[in-house]
Amino acid sequence: MRHLITTDDLSVEEIEALFQDAESYLKAPPPKLLQNRLIITLFFENSTRTRSSFEIAAKKLGADVVHLDVAKSSTKKGETLYDTAANLNAMGPDAIIVRHAQSGTPYQISRHVNCAIFNAGDGAHAHPSQALLDLFTIRQHFGGDIEGKRIAIVGDIKNSRVANSNMRLLPRFGLKITLVAPPHFMPKTDFPTTTKLDDVLDEVDIIMSLRTQTERHAHPIYASLKDYASDYCITKERIGSRNILLLHPGPVHRNIDIDDAMLADPRCKVLEQVKNGVAVRMAALKKLILANG
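Last residue of the sequence shown: number 654 in my numbering, and the count goes up by one each step with no gaps.
No lab work stands behind these hints: they were computed from the structure.
Do not take every clue at face value.
Below, simulated SDA-like cross-link-like pairs (lysine to any residue); rule was C-alpha separation at most 20 Å, straight line [to be verified]:
no.	residue 1	residue 2
1	Lys510	Gly535
2	Lys648	Ile376
3	Lys510	Ser385
4	Lys420	Ser385
5	Lys636	Ile600
6	Lys636	Asp626
7	Lys421	Ala652
8	Lys421	Asn450
9	Lys597	Asp621
10	Lys648	Glu375
11	Lys537	Asp551
12	Lys537	Thr555
With these hints in hand, go ahead and build the complete structure from the sequences.
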């Protein structure tokens, strides 16, 4: 049974094939390859982009999608996650898309079901489909020539599953990563690090800005996020005329992560990431569901 729990679940060759499919889906309506397939979305954390992106991707391929309202589900009545998974599995879905605040939950569910599990984000651990669409957007921007490109990942890296997944995936395709964050947002790592954003601006081809994940902080770190923004906000004044590709997984804290002017700048590809996300998730759903029979 194939799952997408981390980006390591796919080989480089499989990812290349996914991207070929995604490119074709951006150019023309796809065939209904998942007609009569059932996909369940199970989100224990809030989501706008990821849930809607997966659901739109599934429906474009002809699948039936059922969203389980966790707030009204039996997990709120004391049912264990294992029993929830077992009951959903008994209904015969072809895939379950899971988001949970606890790292490792999608993997645990995958051990108790007979369908593909797609990790839509688990704690600060992983968000594989986001990393895949980020890589796809980078390749698209540079015309496939990404070997040796340098990327700065900026912000609350320690608490970011997006950063974790990109740190696993991007080096497999030849990208060079530098982590930029204040000490309390910096994980233990073997990657080059700096606390000063301005020091890397002349060295990088890509900046990936991250949201400050206040919901994952045990206690307030900054008296005001404006203090953080003064050092790490991606502003048009700071970037100047540099030819830098700007990414962000969303949701963007305007004028904290990226300022209004830079969000409107053509170098910022946030909405392109959202568009590409549907196509990349279509390719992933098609591959794993059809591979599982």
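Going down the list of hints, with the structure as the test:
Under the criterion of a C-alpha separation no larger than 20 Å, the hint pairing Lys510 with Gly535 is consistent with the structure, at around 7 Å. Taking the CA atoms of Lys648 and Ile376, the gap is near 10 Å; set against the 20 Å cutoff, the hint holds. For the suggested pair Lys510 and Ser385, the alpha carbons sit about 25 Å apart, so the restraint of at most 20 Å is broken. Restraint check: the Cα-Cα separation between Lys420 and Ser385 comes to about 17 Å, which is no more than 20 Å; the hinted pair holds.
This hinted pair does not check out: Lys636 and Ile600 have alpha carbons roughly 25 Å apart, beyond 20 Å. Only pairs whose Cα atoms come within 20 Å are accepted, and Lys636 paired with Asp626 is accepted, the gap being roughly 17 Å. For the suggested pair Lys421 and Ala652, the alpha carbons sit about 19 Å apart, so the restraint of at most 20 Å is met. Between the alpha carbons of Lys421 and Asn450 the distance comes to roughly 23 Å, so the proposed pair goes past 20 Å and is violated.
Pair hint Lys597 plus Asp621 holds up; C-alpha atoms about 9 Å apart against a cutoff of 20 Å. Simply put, Lys648 and Glu375 have alpha-carbon atoms about 9 Å apart, close enough for the 20 Å limit, and the pair holds. A distance of roughly 12 Å separates the Cα atoms of Lys537 and Asp551; the hinted pair therefore holds under the 20 Å criterion. A hinted pair counts as satisfied when its Cα atoms are at most 20 Å apart, and Lys537 with Thr555 qualifies at roughly 14 Å.
Hint compliance for this structure: hints 3, 5 and 8 are broken, all remaining hints hold.
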